[in-house]
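Reminder that position 176 of the sequence shown reads as 176 in full-length UniProt numbering, one-by-one numbering, no gaps.
Keep in mind that the hints were calculated from the coordinates and are not lab data. Each residue gets a CB set at the ideal place from its N, CA and C atoms; glycine is no exception. Please note that the accuracy of each hint is not assured.
Straight-line alpha carbon distances no greater than 20 Å define the calculated EDC-like cross-link-like pairs of lysine to aspartate or glutamate that follow [said to hold, decoys possible]:
hint	residue 1	residue 2
1	K179	E32
2	K30	E88
3	K24	D35
4	K30	E176
5	K179	D35
6	K179	D46
7	K24	E117
8	K30	E141
9	K24	E141
10	K179	E38
11	K24	D167
12	K179	E141
13	K24	D121
14	K30	D48
15	K24	D171
16	K179	E20
17	K30	E62
18	K30	D46
19	K24	E38
Distance ranges between label pairs, derived from CB positions [unchecked claim]:
hint	residue 1	residue 2	range
20	D114	G3	36 to 46 Å
21	A108	E88	10 to 20 Å
22	G165	G109	17 to 27 Å
23	R40	E20	12 to 22 Å
24	G69	K179	24 to 34 Å
25	A57	D35	27 to 37 Å
26	P164	S51	19 to 29 Å
27	G3	K179	34 to 44 Å
28	R153	G34	27 to 37 Å
29	E88	P42	29 to 39 Å
30	G109	E38	30 to 40 Å
31	R60	G165	17 to 27 Å
32	R43	D67	13 to 23 Å
33	G34	P119	30 to 40 Å
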Amino acid sequence: MAGTRQILFIQGGGAGAHDEWDDKLFDSLKRELGDGYEVRYPRMPDEDDPSYARWSAAIRREMTALDDGAVVAGHSVGATILINALAERPPEPELRAIVLIAAPFVGAGGWPGDEFELPHDLGARLPQGVPVHVFHGLQDETAPPSHAALYARAIPHAQLHRLPGRDHQLDNDLSEVAKTISPNDLGPRHPGIAKSPQPS
């Protein structure tokens, strides 16, 4: 549909996450955004045992189907894998924003990584000029709220949104996320070229 804005929402990990947990986040995001948005919510492989190799490959496949101007968002481990995949290889479409929700930080100061660790210069490796928003509930007992500060340190241009009283699922309410990714609220692009760099 002409004028439809695309949002790719990547689920978190764990048994039943797609159909019993993060589906409520997906429903909230769709409801809050309203008409004019196409929110894609693909099922990630082996959700009860997330693998970086399998999930990052699936995420890249999903991103190739996006148009320029899409927003990519992820919840929990889905956000962690999403941001590392973006840092490893620029996506084909030009993104409008990157949104991390309750994302555990894998690397120094955060969780140890079996398959990867986020680089200290994460921000410099991301597509240039694309706003990054980090949302984290201050009552998150799964991924400590301190992990949001680790993302802010690794991505200096990121905008940090700390949500008092909210848990790992943000109480199934993505109204703040929807407001932030609406056309007038993304904030300025950080310094850098407008188009994502191409792989060498």
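Enumerate the violated hints, using their earlier numbering and listing them in ascending order.
2, 6, 7, 8, 12, 13, 14, 16, 18, 24, 26, 27, 29 and 31
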